[in-house]
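Chemist: So the protein lines, in turn, are chains L and P. The first sequence: position 63 = 63 (our numbering), numbered continuously. The second sequence: position 30 = 1030 (our numbering), numbered continuously.
Bear in mind the hints are in silico, worked out from the structure with no lab data behind them.
Label-pair ranges, simulated between beta-carbon atoms:
no.: 1; chain 1: L; residue 1: 115; chain 2: P; residue 2: 1020; range: 40 to 46 Å
no.: 2; chain 1: L; residue 1: 17; chain 2: P; residue 2: 1016; range: 47 to 53 Å
no.: 3; chain 1: P; residue 1: 1005; chain 2: L; residue 2: 56; range: 34 to 40 Å
no.: 4; chain 1: P; residue 1: 1111; chain 2: L; residue 2: 115; range: 28 to 34 Å
no.: 5; chain 1: L; residue 1: 78; chain 2: P; residue 2: 1072; range: 41 to 47 Å
no.: 6; chain 1: P; residue 1: 1030; chain 2: L; residue 2: 55; range: 24 to 30 Å
no.: 7; chain 1: P; residue 1: 1061; chain 2: L; residue 2: 72; range: 34 to 40 Å
no.: 8; chain 1: L; residue 1: 43; chain 2: P; residue 2: 1096; range: 23 to 29 Å
no.: 9; chain 1: L; residue 1: 1; chain 2: P; residue 2: 1081; range: 29 to 35 Å
no.: 10; chain 1: L; residue 1: 72; chain 2: P; residue 2: 1012; range: 43 to 49 Å
no.: 11; chain 1: L; residue 1: 114; chain 2: P; residue 2: 1109; range: 26 to 32 Å
Straight line, CA to CA, 27 Å or less: simulated DSS-like cross-link-like pairs of lysine-lysine:
no.: 12; chain 1: L; residue 1: 112; chain 2: L; residue 2: 16
no.: 13; chain 1: P; residue 1: 1062; chain 2: P; residue 2: 1044
no.: 14; chain 1: P; residue 1: 1062; chain 2: L; residue 2: 3
no.: 15; chain 1: P; residue 1: 1071; chain 2: P; residue 2: 1044
no.: 16; chain 1: L; residue 1: 112; chain 2: L; residue 2: 38
no.: 17; chain 1: P; residue 1: 1044; chain 2: L; residue 2: 38
no.: 18; chain 1: P; residue 1: 1051; chain 2: P; residue 2: 1027
no.: 19; chain 1: L; residue 1: 38; chain 2: P; residue 2: 1027
no.: 20; chain 1: P; residue 1: 1071; chain 2: P; residue 2: 1027
no.: 21; chain 1: P; residue 1: 1044; chain 2: L; residue 2: 112
no.: 22; chain 1: L; residue 1: 70; chain 2: P; residue 2: 1044
no.: 23; chain 1: L; residue 1: 3; chain 2: L; residue 2: 112
no.: 24; chain 1: P; residue 1: 1051; chain 2: P; residue 2: 1062
no.: 25; chain 1: P; residue 1: 1071; chain 2: P; residue 2: 1051
no.: 26; chain 1: L; residue 1: 70; chain 2: L; residue 2: 38
no.: 27; chain 1: P; residue 1: 1027; chain 2: P; residue 2: 1044
no.: 28; chain 1: L; residue 1: 38; chain 2: L; residue 2: 3
no.: 29; chain 1: L; residue 1: 3; chain 2: P; residue 2: 1044
Note that the structure is a prediction, hence the values are computed from the model and not measured. All residues carry an ideal CB built from backbone N, CA and C; glycine is no exception.
Spelled out from the first residue to the last, the chains are:
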Amino acid sequence: AQKVTQAQTEISVVEKEDVTLDCVYETRDTTYYLFWYKQPPSGELVFLIRRNSFDEQNEISGRYSWNFQKSTSSFNFTITASQVVDSAVYFCALSEAGGTYKYIFGTGTRLKVLA
Amino acid sequence: NAGVMQNPRHLVRRRGQEARLRCSPMKGHSHVYWYRQLPEEGLKFMVYLQKENIIDESGMPKERFSAEFPKEGPSILRIQQVVRGDSAAYFCASSSQQGTEAFFGQGTRLTVV
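Using the sequences and the hints given, assemble the complete structure.
Modeler: Here is the structure:
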């Protein structure tokens, strides 16, 4: 069965600190996709990144970076020099490729960045 | 290029009434997905539709819930005889094809009183 675990329920950091959000997944598929979404207090879901299972290169986008390690089934997300606007709930998700397409979401990590 | 549009944003229904939630996918997208987010929880898949077809409804409750995506017009998630436990945020997402990222709407927050 597929499963996504975000063990950190809530994290608080002070502005400008770096923070890493953990995501561990389980799947029997050899081909799959991993995602991160941000849900700010306004409630919408904002797409951040999609990674396929064959691409283990780390990704950097501005202050955001992602570390995908198949050996440990992890897809961690790091925010460098956090800002108050980064305060949100962050969801990691997994989907199988081909066939029925649906996301398995983790329970989310609430990040609070304090000024 | 407008994103996924959901309406209404907020919906209040009394127990026993019907709730209709609408979702217009992004232009050019023919795959629609509905998810439910209960308070303080992650999103749970409900149903996956393509135009005029339900592809996967494995996450839909067996009773009172139905979904459609007609040839013309938005996708509709319908909840009959709502109960308090239906109170949640319902998100719609769309994609251009399978295997690509889905873009989510802003959600409809249903409150059953």
